[in-house]
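Student: The residues making up each chain are set out below.
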Amino acid sequence: MSEESKKPPAPSSASPEASGRFSRRWFLQGVALSAGTAVLPGEGLLGGSAFAAPQAPARIGPEPVQIALSVNGKDYQVKVEPRVTLLNALRNYLNLGTNTPIDLTGTKRVCDRGSCGSCTVILDGKTVYSCSVLAVECQGKKITTVEGVAEGNQPHPIQQAFVECDGLMCGFCTPGFIVSSKALLDRNPHPTPTEIRRALNGNICRCGTYNRVFQAVELASIRMKVKGG
Amino acid sequence: MATVKTKKTTKSKKASQIPVRYRVIGTRPIRHDGVDKVTGRAQYGADVQLAGLLHGGILRSPHAHARIRSIDTGKAAALPGVKAVITSADIGPVTDRVVDLGEGATRLQHLRDNILASGKALYQGHAVAAVAATSPHIAQEALRLIEVDYEVLPPVLDLREAMEAGAPLLHEDLHTDDLGTKSMQPSNIAKHLRFEKGDLEKGFKKADQIFEREFLTSMVHQGYIEPHNATAFWNADGRLAIWCSTQGGFTVRQQAAAILDLPVSSIKVIPMEIGGGFGGKIHVYLEPVAALLSKKSGKPVKLVMDRAEVFEATGPTSGSHIQVKIGARKDGRIVAAQAQLAYEAGAFPGSLVVCGMMCIFAPYDLEHQRIDGYDVLVTKPKTAPYRAPGATNAAFASETVLDEIAEWAGIDPLEIRRLNGAKEGTRRADGLVYPRIGFLETLGAARKHPHASAPLEGPNRGRGVASGFWFNVGLKSSVTAAVNSDGTVSLTEGTPDIGGTRTSVAMQLAEVLGLAAADVKPQVVDTDSVGYNDVTGGSRVTFATGLAAIEAARDIERQMAERAARLWGVPASKVKAAGGVYRHATDSKKKITFKELAARLDETGGPVVGKASLDTSASAGGGFGTHIVDVEVDPETGKVQILRYTAVQDVGKAIHPSYVEGQLQGGVAQGAGWALNEEYFYDDQGRLANASFLDYRMPTALDLPMIDTVLVEVPNPGHPFGVRGVGEVPIVPPPAALANAIYRAAGVRLRQLPMNPGRVLEAILTRDGKPPSKA
Amino acid sequence: MKNFAYINAASEKAAIESMSDKALALAGGTNLLNLLKEYVLAPEALVNIKGIAGLNAIESFEGGLKIGANVTLSELLDHAEVRGRYPALHQALYDIGTPQIRNMSTLGGNLCARPHCWYYRYEYFDCKKRGGQGCAAIAGDNEFHAIFATDGPCVMIHPSSAGPALVVYGAKVKIAGPGGSRDAGIEEFFTLPAAAVARENVLKPNELVTHVLLPPPNGKSATYEVRHKESHDWPLAMASVALTMAGETAQEARICLGAVAPVPWRAAAAEAALKGKVVNETTAGEAAQKAAEGAKPLSGNKYKVQLVRTAVKRAILAAATGRRV
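Residue numbers (the numbering used here), protein chains in the order written: chain P, 1 to 229; chain C, 230 to 1004; chain X, 1005 to 1329.
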């Protein structure tokens, strides 16, 4: 039966090695951390050239339209109605026309109203709530989700630090925090505690991990400094 | 940050073979699920993707109380893309009976009616119909095409009014179970319970002063970030698979089997990673609906709740009205204590008022007590447990009155608690006699902590303390553990991990076998793959699943010893195991490590699998917390700022101290939100006005200080490592501690939660009866 | 959301030609999309105005600033001149929402946002603004609603935090419409519900705010907010103050309240009380008292009357001393 052949992935604690991505042991060995990524120049985040470009169509939809999205350095062609948010597109639309299961479910849908931070992604260098951005508006923009925070197979220092400082409990808000933290460190590699709190106050955690999250960000920033970030 | 104090065990019923110096217990290994969670790989319920998946949606009643005259689903069913539409009529008849959910029993009919209303809508948000369609957008549009004919009835929103004769009734066939006797008239009071000890009137006669106070708390929500979700596939062969976010796969299986009238063996529940539960993900809401939609459409169906639905239609915790009357002597001794607790049950019976009754005076050794509890129906969602359910409301009342008594008697608040404190042998009002407990130790640790004596300078600042109790449960757990040829052990558990328990349980197995935590691979699996487990709840998993893991480890150790014996050709009784090394009792040349032995299992008889299945009749050890908080109250805005917070708790034995600290910090954060920010706003028609994160105000990072934790270790004699449940106690003291601190900062005693700026300000401005003067 | 067409406006003219009561302008989307998700608004099209050239710059203009309506709140906060010369505006924007919200929201969007009133935002409550019969807030939960102009048909509070600051600076807005571009004083821009309950400002469905003009600042200024939560929340009450000083004396005072009325609320009596006085605790307090006079709170928001006094007093002192209270 086709349904059986497309089983959903097994519970996550069995999957790190199986996935072929980096393993727990590899975290424990303190794998070499790469330097911080380049800070992207911020032009008007939502403004500008992409839409004034002559080839931007004047009117699209309401029926689905084909658009190109660049997510974590990879280009996707998706077909979405204008009302589909970027969050929805990332979670549910990226496998259309392919046989591969979606693997970008790291960005979470929680409130869908721009009030909790779990859907945070980086759009052209700035954090946004992907539930409050239309997918059709993201053409020509660089989108980074939690899956794109690691540099290839290397964890980002912030991910390493979160694991070591235990900056997570249930983990549901964690992708949003990771993305917001990365964006902070990209912009401000050595933030003060106040700056950390302020940069992360758009992400809610109900399990109460805030203190450890802030410690993780501080630890990551120290390590990035040591490595010349 | 955390000071871990070890207490010698003076009485231990079992001669433990585990050494007191641990190699793994008490360390802080990296959690097994960390990598997946920081990379977004961890699979939660809404991440499930199946070929042919349909998306569901639920139509919910806009009325708090209404008779459902008819439901016309024709237009919805005709919308292109819609594959199934259901109402309660699709559930089929079931025989009503009581089902046990692990944290309280419910009538099956009520559970069934809660997931799809039959006859009456009993709260705004009550599910009345559901659809499955090819996209979530189409599902939403289809819902708007369903026509329901309601006969609107008066809502019942105030719990005190609900209790009065003549109030509109939610269930016309519900009579009060009044101390065991069924009432003549139907009522919104489902139950009246009483605990009694000694002679209350005699006690009051001994009092130098009697304090009578009344308290109100609002309905609040657990606020877990991940919305409820369920994906169901009802296969053509009658087997039903459910992927969901739950605190108990077996509980979902049980409830689904009961509601859908299926044998449990035909249902497989796969509990996904869970994004927070706190007690609110024990009852089913979506699973049977998804199953029925799948049955009707022939396809897998996914239902994910919207944030508004989570607030409106899951299981917030009871608002309450509590009256206490406490008699005290001038020397600070409490001579009599009486309490009346009325808790909102919501639309169906089953609030946890009994837990509030158990906890309200639990930290104290009081000779004369009477505690009455009322389970009251109101047209609001059926309440569910929220982390130490019932105890926080109760402690808000008792701990603030105790603070008043301390002030009246001129006794330090910590000292008055010590004077009246419960200890081993104290009998609680509900009859339980305490085994070894750690309340007095928490008071001592609090007193010694620098926070207790730190100067607090500046106007408008005050310090408050409060204590709290939660009893924790044990219940049933099963595990299996298989030795791998590389010397690791795969540990299979059935209790979902909501706080780090997969690791804390793995650590216990590792300790027994002499392995490193990283050499144990824990997994939480589906209901077909492991023996029965009760829910993750009641702070039981590190205790009970830990006990099972310990027993499974001992089972493995026995088998491994036999294998070593086989290798050496000696009787098994000659082989001793310690710290992961198997030695011959007398021949020192014969020794082999666990790892070496694991590589040779094939030649000694094949795989080694350990198992255990327990009903832990010993409880997980009651836990006590004593909290200290400093606040600053702005007298011109009523805003309360928490300056410093210290949470002291007896944790038995902290298997993984980071997780235990995390539980304390998390509980305090939630308790602070409950105390200062959170409430349900219903309008007079019973519609929820603030069903969003914008309007239901949970504390953010900027609203909370660093929370210091002190782990006092008073071992639980019921567990080889001394583990006590820890997760729920920390939410109990904060509202009272904050209220007491606000009093010292601003001179006002607040007896209603939340203590938001508006309420605090009005109390300040009308203090002493004087109206506000200059700015 | 109900499905809609998406129109990219390449110019002001193109936007205006596309906009109508069924085709709404879309800037940051943090306010508008939520309303679509709740079915409070169900337009047939959204007109993206973010691509219009010239609307996303902050330029010097006649000694002051000309700010394009598409400038994001983050960009405004990062701008040295806004921070240095217009502290009341900087402070008003500082705690809006969250960093993500500020990255997405625009100044134009902040001025034109629809109300936060929860009876407006959820379709099953009766709301005149949405075409219903009454105002559920008046007899309902009005803890977060207005205390001024509460005898009108709608007791919302205006959601703009930038509004009061722009008022005390005497800002203007540039409005583009079918007939061309016109300037309107910021106070005329906002309209009371009594004028037209379905709107919050003078814009017609096919008009667009293109720029905000800030005249050169003339003295000292500050904004003070009383907040419950420090982020992810709206202020309970706020006051923006601009003082033209001569030594320690306030020659002129402009005081505007936020979060307490359906429009940013000039506290004229407070201004008069402070004018010509040395600014200190006493005079600030007296002005604050005046600011709260005339308040007619609702059943659940009497506490806001005191919050007005607190916010005005502290804003005055912060402006005069340059120190946060």
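Take the hints with a grain of salt, since some may be wrong.
Unchecked claim - Chain C side only, calculated, beta carbon under 7 angstroms to chain P, not exhaustive:
no., residue
1, Ile300
2, Pro309
3, Gly310
4, Ile454
5, Gly504
6, Gly891
7, Leu923
8, Pro934
Hints are computed from structural coordinates only; laboratory data are not their basis.
Computed from a predicted model, the values in this text were never measured in an experiment.
All C-beta atoms in this analysis are idealised placements derived from N, C-alpha and C, irrespective of residue type, glycine included.
Student: Next step is simple, just say for each hint if it's right about the structure.
Tutor: To see whether the hints hold, each was checked on the structure:
no., hint, result
1, Ile300, "violated, 27 angstroms"
2, Pro309, "violated, 13 angstroms"
3, Gly310, "violated, 13 angstroms"
4, Ile454, "holds, 5 angstroms"
5, Gly504, "holds, 3 angstroms"
6, Gly891, "holds, 6 angstroms"
7, Leu923, "holds, 5 angstroms"
8, Pro934, "violated, 9 angstroms"
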